[in-house]
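A.B. asks: If you want the building blocks of each chain, they are given just below.
There are 2 protein chains.
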Amino acid sequence: MTTVIPTSPSTGTTVDLGPAVALSCRECGNRVALGPFYACTECFGPLEVAYEFTTSGEALREQIEAGPQNIWRYAPLLPVPANIADTPNINPGSTKLVRADNLARELGMKTLWVKDDSGNPTHSFKDRVVAVALAAARELGFTVLACPSTGNLANAVAAAAARAGIRSVVFVPSNLEQQKILTTAAYGGTLIAVEGNYDDINRLAGEIAGEQEDWAFVNVNVRPYYAEGSKTLGYEVAEQLGWRLPQQVVVPIASGAQLVKIDKGFQELVSLGLVDEAPYKVFGAQATGCNPVSTAFKQGHDFIQPVRPDTIAKSLAIGNPADGPYVLDVVNRTGGAIEDVTDEEVIEGIKLLARTEGIFAETAGGVTVATLKKLLASGQLDPNEETVIFNTGDGLKTLDAIAHVVGPSATIAPTLSAFEATGLA
Amino acid sequence: MTTVIPTSPSTGTTVDLGPAVALSCRECGNRVALGPFYACTECFGPLEVAYEFTTSGEALREQIEAGPQNIWRYAPLLPVPANIADTPNINPGSTKLVRADNLARELGMKTLWVKDDSGNPTHSFKDRVVAVALAAARELGFTVLACPSTGNLANAVAAAAARAGIRSVVFVPSNLEQQKILTTAAYGGTLIAVEGNYDDINRLAGEIAGEQEDWAFVNVNVRPYYAEGSKTLGYEVAEQLGWRLPQQVVVPIASGAQLVKIDKGFQELVSLGLVDEAPYKVFGAQATGCNPVSTAFKQGHDFIQPVRPDTIAKSLAIGNPADGPYVLDVVNRTGGAIEDVTDEEVIEGIKLLARTEGIFAETAGGVTVATLKKLLASGQLDPNEETVIFNTGDGLKTLDAIAHVVGPSATIAPTLSAFEATGLA
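Protein chains in written order, with numbering that gives the first Met the number 0: chain A, 0 to 424; chain B, 0 to 424.
Keep in mind the hints are simulated off the structure, nothing from the lab.
Do not take every clue at face value.
Note: identical chains are not told apart, hence a pair may lie in one copy or across any two.
[To be verified] Cut-off 20 Å, straight-line C-alpha distance, at most; resulting in silico cross-link-like pairs (SDA-like, lysine to any residue):
no., residue 1, residue 2
1, 109, 21
2, 297, 28
3, 109, 194
4, 263, 420
5, 263, 21
6, 372, 103
7, 373, 32
8, 109, 61
9, 109, 86
10, 109, 206
11, 109, 87
12, 109, 85
13, 372, 319
14, 297, 140
15, 373, 241
16, 372, 20
17, 372, 385
18, 263, 143
19, 109, 14
20, 263, 297
21, 297, 177
22, 372, 30
23, 263, 239
24, 297, 381
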């Protein structure tokens, strides 16, 4: 993360982002007014949204339960205008919390759930964060939605902007798989293929953000709002369990923001009286080919040593994760742990989840399932405590990862005798 | 459809399929007991499920509204046991009804909705019909879930069986696109690649159904139950509109069962007092490369002349649609129409829906959008009446169809000056 404060469009009006009242520095606590800022002017630390919630307890719960079947039921807890559900949105969220008895049985666990976020409109959790970023961007006066991305985020931004009726500009590596290019290009926004790796593209996006004052780069200049979208994963899990917290959660780590925000969501529900306070442990999952947070956890560090990613779990391949230190805080505070798994284990994880629960996850989901298995084997995760794992994307988008390990059981001529000869009857 | 009555497993117990009381012939009305039958023993006509509903009006509405957010909220109206929601299921349904104001504006329409069934667990409406077929198959004593398929159905069967903890056997053409093979194979069931076209595979499936008495072929020997799953599309649209019927619907036609069952769902809601009786028109959509029902409609026939399909809309490419005559009945009775569109129009339809509403449809959805446009142009569909179109699948599964028409706006070096030189800033 750079510390440049980008220019911002002058709105000339009061910003209405619901219960959000300021941005506050996660390091020094310094507060600034709501705006397109992401770094503290005092200490260069990252900013996050600060709230003054006006409702709590039973009244809030009733308000949420009467809301729409998407993330806007939690609008009173998000940096969005109160009427957000009435604006054109792709309305992510309210994805399934699947009771995973078959998988639990195979792993010797008592109660296991899969929060399956592949059910979102563009089939990843990115729809949540983009929806919140879009709401804030509109309120802050931006007219273009942009991002650097290698996949899921590109899809989510292009789709959300199309429905909102605003322009999108998405930057992707020119060597990206054809299927990811097509899936983003279909929405008809501006798609720029860049001859470089993700770091090159991210740097270019930062430069353009400084030049184009009407452009909201969702994960750059409106990042504090964007990141809050992941709180809704925590809210939904708690509500779907009947307004209580699970005892253990396993969350994949890319930038780390998702894990941190799920914890933040749980904490808010406790402080607002929506769930009873109860101990829970947060576990993190990485691929061994990009395991800077897992390494720091195991070595007892409170800082992250960047790595150069080399894993099939491309949606988790952030070598210098911005929220890494905060992930360590959450995991250590709650008594969880962080593990990493090989690409072979990732593939086995994808297959295991698909075979037992009929959920076909992208590689990030394979990382999470494989990490769950490893944490059970090491005794760090308790098989008898209620556990929720997060599947954040769809296997349809990472077919290449399994192309060499799955296929037809047999290929036959179209006759009954040919079928019977296979021995598969 | 053949008229062979396959063997069936002997259950030895009473079959509990909720409000379903018999199978009745759609031609002669002859009734037979609930079982794995699909053809009338008197006249060889197709069988369908007959019900005795025990609840209606306000009581039924309250029961539905208190139910789960999936098709099982309509269990009192389906051929499934009352406790179906408690059994392991992939729980399809409750997909979004999207208010399509942007698309309506482009087409000069007043009120347009898209029922977006790509939000189902395996991203097509097939999850609905398979879920009902699975419920009936289990109750009838079958132990294996099977199907011939070229895509969406294969995914749905493999996923549903995995979660139910039973074996699946899926037959696909060996020349199917690699991505469709992988997506089905991921779930770990038996996948048989057959050297032949869909007709060859369908015939083989019928032969195997006669041999394997424990196998339920969802679209063969338990087809009457399977087809009922599409009624839930009609129920959901009416409930999502606030318990009323739309004035016009546009539905894609493959076998035609979906269109017929949406109408059946509407009719049931009227007769049960859940919606007010009101006139509505049902329109059908086909690809010109497989337009036997559209042709029959235009020629004023009440029978279907089979065709050899040649279209990119493969999920609609059924040259001899079993429900074709019933589609004609519904469309003529309600005052609707049937149109067909070229592959070029299909692609334009996909792009139009994605660009305006952020919904990336498979080719079948492109057929529906393009047909809507054509029906408006010809004056057959009224732009001022409230209209619902059905998107039944996901663009991620038919990427090949758009590969030659969408792509990056520009490819650049990773520098600010290279970006500015594109003129896209």
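A.B. asks: Evaluate each hint against the coordinates.
C.D. replies: Tested hints:
1. 109 with 21: Result: close neither inside a copy nor across copies, 43 Å intra and 41 Å inter.
2. 297 with 28: neither (29 Å within a copy, 71 Å between copies)
3. 109 with 194: neither (49 Å within a copy, 45 Å between copies)
4. 263 with 420: Intra 58 Å, inter 43 Å, cutoff 20 Å: neither.
5. 263 with 21: within (17 Å within a copy, 54 Å between copies)
6. 372 with 103: within (10 Å within a copy, 49 Å between copies)
7. 373 with 32: neither (44 Å within a copy, 51 Å between copies)
8. 109 with 61: neither (31 Å within a copy, 34 Å between copies)
9. 109 with 86: between (42 Å within a copy, 18 Å between copies)
10. 109 with 206: Classified as neither: same-chain Cα gap 50 Å, cross-chain 43 Å, threshold 20 Å.
11. 109 with 87: Answer is between: at 16 Å across copies they meet the 20 Å cutoff, but 42 Å inside does not.
12. 109 with 85: Only across copies: residue 109 and residue 85 sit 18 Å apart there, 41 Å inside one copy, limit 20 Å.
13. 372 with 319: Classified as neither; 26 Å inside a copy, 49 Å across copies.
14. 297 with 140: neither (44 Å within a copy, 52 Å between copies)
15. 373 with 241: Neither: 29 Å inside a copy, 48 Å across copies.
16. 372 with 20: neither (42 Å within a copy, 46 Å between copies)
17. 372 with 385: Answer is within; shortest intra-copy Cα gap is 15 Å, inter-copy 51 Å.
18. 263 with 143: neither (29 Å within a copy, 45 Å between copies)
19. 109 with 14: neither (48 Å within a copy, 32 Å between copies)
20. 263 with 297: neither (23 Å within a copy, 61 Å between copies)
21. 297 with 177: neither (38 Å within a copy, 41 Å between copies)
22. 372 with 30: Neither way: residue 372 and residue 30 sit 42 Å apart in one copy and 53 Å across, limit 20 Å.
23. 263 with 239: Answer is within: at 17 Å inside a copy they meet the 20 Å cutoff, but 33 Å across does not.
24. 297 with 381: For residue 297 and residue 381, the Cα distance is within 20 Å only inside one copy (19 Å; across copies 66 Å).
Checked against the numbered hints above, the structure breaks hints 1, 2, 3, 4, 7, 8, 10, 13, 14, 15, 16, 18, 19, 20, 21, 22 and satisfies the rest.
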